[in-house]
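**Student:** Chains as they are written, first to last, in this note's numbering: chain A, 90 to 608; chain B, 8 to 405.
Bear in mind the hints are in silico, worked out from the structure with no lab data behind them. Note that the Cβ used here is the ideal one computed from N, Cα and C, for glycine as well. Incorrect hints may have been included.
[Unchecked claim] With a straight-line cut-off of 35 Å between C-alpha atoms, the simulated DSBU-like cross-links for lysine-lysine are: (1) A/Lys339 / A/Lys94; (2) A/Lys169 / A/Lys118; (3) A/Lys356 / B/Lys300; (4) B/Lys95 / A/Lys359; (5) A/Lys599 / B/Lys298; (6) A/Lys454 / A/Lys211; (7) B/Lys358 / A/Lys239; (8) A/Lys359 / A/Lys156; (9) B/Lys95 / A/Lys356; (10) A/Lys237 / B/Lys358; (11) A/Lys352 / A/Lys114; (12) A/Lys118 / B/Lys287; (13) A/Lys94 / B/Lys300; (14) A/Lys156 / A/Lys207; (15) A/Lys401 / A/Lys356; (16) A/Lys232 / B/Lys300; (17) B/Lys305 / A/Lys401; (18) A/Lys94 / B/Lys298; (19) A/Lys237 / A/Lys210.
[Claimed, not checked] Covered by chain A, per the in silico footprint, the following chain B stretches (three or more residues, Cβ under 8 Å): (20) 131–145; (21) 283–291.
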Amino acid sequence: MTESKTMIVIGAGHNGLVCATYLAKAGHKVKIFEARSTAGGGVSRHQFATDYYVAGLAHVLHPLNPKIVKELDLVGAGLKKGEAINTISLGHDGRHMTLGMDHVEATGLSVEDAAAYKAFKKEFRSYAKALEPMTMNKPPRLKDMDGKDKLTLAQLGLKLRFGLGAASMREFLRVGGINIYDVLNEIIDDPQLKGAIAADAVLGHHMGPRTPTTVLTYLNRLRGEIYGPQSLPTAGEGNLTMALINAATKAGVEIMTDAKVEKIIIKDAKATGVQLNSGQEYLADMVISNADAKKTFLGFVGSQELDAMFAKRIDTTRTNGTVAKLHFALKKLPNFKGLTEIELKQRLLIAPDMRYLEHAFNHAKYGEYSENPLLEITVPSLADPSLAPKGHHVMSVSAGFAPYNLKAGWDKSSSVFCHKILSLIENYAPGISAQVVASEILTPQDIEQQFNVTGGHWHHGELTIDQSFMMRPIHGAAQYDTPIDGLFLCGAAAHPGGGITGIPGHNAAKRILAMKGGN
Amino acid sequence: MEKHDFNQVLQLSPFHERIDTLGLMKNWTSWNGYQTARIFDTLAAEYFTIRSSCSVMDMTPMEKYRITGPDAVTFLNRLVTRDISKLKPGRVTYVVWCNDDGRVLDDGTIFHLGEDGYRLCSQHHQLDWLMISSLGMDVSIEHETHDIAALSVQGPTAYSVLAAAGFTKLDTLKPFGILNTQLNGFDVMISRTGFTGDLGYEVWVDPRHALDLWDAIFEVKQRGLYDVRPIGLDALEMVRIEAGFIMPGDDFNTAETTIRAGRDRSPFELGLDWVVSFDKPYFTGRRALLKEKTEPIKRRLVKLLVEGNKSPTDSFLYDGKNGQRIGAIKSNVWSPILKSNLTMADIEFIKGELPKEIWAEIYYQKELEWKSTWAKCSVSDLPFWSHPRRSQTPPDQF
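Next comes chain A alone, as it looks inside the complex (with noise of 0.2 Å):
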């Protein structure tokens, strides 16, 4: 560090703030604009009626990577562990099987697959940190690589050598690239249970369990659990995004809501500040964009500052969403068939099977809903009893799949898909539609609307191996500096992608301090 820079961060969603937050304490005067009225992005209180809110559009979530909770001591921030939940995926005969992180139970579950289960965990969580060199640090380039990138090969291939071991590298690279129907046939037998680990891998993907690349997004989902169990996030005292927000205050950080970034500015083919929707502009020696790719260089940049390939090359990356995010207000807690309440506090599932979730994704790829969705559904006010009237409960659903385009148009077809959601839900936990008070689906044309998220991704982009590791979000922007001198990303949209992970905030950070001169 030479000196005081001035920077600003556009978007204060989780990536943004830690971002923000190591920049500061690293003695940079940083500056936040959040086009929101709150910091959060997803992972922020969201009221979708009177008296009725969620936590965040993240309705389950795993632990920050420690590295960050540690170095930003997001514990004295005050955030604090959610209580860890397993999964219960539902079956339509009232048999729920419950998955940990290790273990497995159903009834008339074999033990030759509960034994399955518990190594094909031990093996694929061994995969996912064996990868965590490469993640935790700016994917190296292929051409003209620094010190730093041959320092990530060189880890990377010691933990995947020495670290996984001959046998375990040579199935992880048989596997790597593969689909995860393929790899759960060969060691499971229990339909149910397949259904379960499958839509880890495909909810939030345009993908199907019989997509190639499947293993890849499962391993990303189950690197949250190499950091701990997962839990249902609050909106009270010790939630994730007050803790952020506390440490970037703490670091020096100047959050400002309601300010809605129009464009970057651009002078000289070099980043200088941001301009509002207000028409007022801040000067900064460098722009850090957690937005979307497409956002930031089609819409805050503009294709006119940028070369014609580079453009062309964002403008063809896969953004679109496939998920809807369904929240039901209800007069009283929901009464699943099988379920304790204990029980309910859980993350629920409906994926009975491979074949259903590959079924629920053929619709999606002709621009269809599903007809019998995926489902990942919480009862958030069970973890925070703040988020409804007394008595009164809150349902958050994820519901795949639920294509950006759709043939049919989202304006005449939300509220039947809605409907269907409910209906499919009714079979589980009879007489909860008349418990309804009020409901709200949010397509992801909603999500990009009121989230500021290009098609609605969670990811900020399919998490396909060419949309990966150097090529995330394209070769030529993937080490979270840009070809626009001081433009940076910092958010999903880079490597290693979404999730509420911080990692790319962090990663960004890292490079940014790392840059000579800083740029």
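Once you have looked at the hints, place chain B on chain A.
**Tutor:** Leaving out everything else, chain B in the frame of chain A:
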């Protein structure tokens, strides 16, 4: 839908009827998919028509695009290396454009047609690159190659011939200027542009009036006033080297068709520094070119005069007799009017400097027996051929 005639592989120009009659050699080639004459009767006669009287060439196959819309200037300025915002209505300018890495994709001309937008002419098909470059801009790009017929009328008497054919107001038309006029009731656009380094015009009409235009020009010959002859591509190739115009695809590999690293060229490596402006809004390749500018130049396409009369086609170049190889001849012509060997040559620079001596090793045959010789070369900064009448306004009346 119109039935396609599969016996007619190449497209016929709207001037074809006349060209077919006058093209005694039936020496056809494909230019941009059009059946085009290389030679009408004798190459030498066609060459001297350009240099001493009035030549007419069908340039309909030239790639043409119409650019309109609110962002037309922004689009063109982002596309090419030159500052297009300075181009006034009724004017034409020479341009090149590059890919992201600052390597030249093609060259051409931009016509400012006033309220009708811009016309971009290019050597090669560019629609896909234009579409890619239009992302995020309110601009319309129309491929109009087939919708406009054009004749290039070039030579010392070109002005006299066109005036005799009935075109008025040509006397005030300056080089790179555009004149909108009429002939026998149909619209004609005339630009004082060309590829010969001499006095000349390009005449643009609706294809429906193509033959009327042709006949009006050739009638001048029938009336016994001036000689007018059609010329083919081979004669044009001779005069364009004399005039020092580069030909993408012949003198250098265009970026789009280059696979191997280092085989494409930047504008600086083509000696086109004068069309690159860093003093304007961002254009594709600017970042790469700005970086290149800070480093010593590695190579340059030069106009090279080769001593002697042996044809140096494809010859290697050396920094001395039996010295280090430093380049090669890309295209060449024996100039009948200058009586010398003129070439375009790609030469490696040594530490950013042009080699002090340049020699060509020339292989040639005498009665099927191969021989070799050395010829001393010299770089010409100016075009080999450029006549003052090229820019004289009004041109002399013959």
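**Student:** Take the hints in turn and mark each one as holding or not.
**Tutor:** Hint by hint, here is what the structure shows:
1. Taking the CA atoms of lysine 339 of chain A and lysine 94 of chain A, the gap is near 18 Å; set against the 35 Å cutoff, the hint holds.
2. With a C-alpha separation of about 28 Å, the suggested pair lysine 169 of chain A and lysine 118 of chain A falls inside the 35 Å cut-off, and the hint holds.
3. The suggested pairing of lysine 356 of chain A with lysine 300 of chain B holds, with an alpha-carbon distance near 20 Å, which does not exceed 35 Å.
4. Our distance criterion of 35 Å between C-alpha atoms is met by lysine 95 of chain B and lysine 359 of chain A, whose separation comes to about 30 Å.
5. Pair hint lysine 599 of chain A plus lysine 298 of chain B holds up; C-alpha atoms about 26 Å apart against a cutoff of 35 Å.
6. A C-alpha spacing of about 33 Å is found between lysine 454 of chain A and lysine 211 of chain A, which places the hinted pair at or below 35 Å, so the restraint holds.
7. Note on lysine 358 of chain B and lysine 239 of chain A: the hinted pairing holds, with a Cα-Cα distance of about 32 Å set against a maximum of 35 Å.
8. A threshold of 35 Å between alpha carbons decides the hint, and for lysine 359 of chain A with lysine 156 of chain A the separation of about 32 Å falls inside it, so the pair holds.
9. Restraint check for lysine 95 of chain B and lysine 356 of chain A: the C-alpha separation of about 26 Å stays at or below 35 Å, so the hint holds.
10. Under the criterion of a C-alpha separation no larger than 35 Å, the hint pairing lysine 237 of chain A with lysine 358 of chain B is consistent with the structure, at around 32 Å.
11. Of the supplied pair hints, the one linking lysine 352 of chain A and lysine 114 of chain A holds, its CA atoms being roughly 27 Å apart against a limit of 35 Å.
12. With a C-alpha separation of about 32 Å, the suggested pair lysine 118 of chain A and lysine 287 of chain B falls inside the 35 Å cut-off, and the hint holds.
13. Between lysine 94 of chain A and lysine 300 of chain B the CA atoms are separated by roughly 29 Å; this keeps the pair inside 35 Å, and the hint holds.
14. The hinted pair formed by lysine 156 of chain A and lysine 207 of chain A meets the criterion: a straight-line CA distance of about 27 Å does not exceed 35 Å.
15. For the hint linking lysine 401 of chain A to lysine 356 of chain A, the alpha-carbon distance of about 22 Å falls within 35 Å, and the restraint holds.
16. Taking the CA atoms of lysine 232 of chain A and lysine 300 of chain B, the gap is about 22 Å. The hint holds against a cut of 35 Å.
17. Between lysine 305 of chain B and lysine 401 of chain A the alpha-carbon distance is near 30 Å, which keeps this suggested pair within the 35 Å criterion.
18. Distance hint between lysine 94 of chain A and lysine 298 of chain B is fulfilled; the C-alpha atoms sit about 25 Å from each other, no more than 35 Å.
19. Taken as a hint, the lysine 237 of chain A and lysine 210 of chain A pair is honoured in the structure, with Cα atoms around 31 Å apart against an allowance of 35 Å.
20. Residue count for the region 131–145 of chain B with a Cβ under 8 Å from a Cβ of chain A: 6. That meets the three needed, and the coverage hint holds.
21. By the rule of at least three residues with a Cβ nearer than 8 Å to a Cβ of chain A, the coverage given for the region 283–291 of chain B holds, with 3 such residues.
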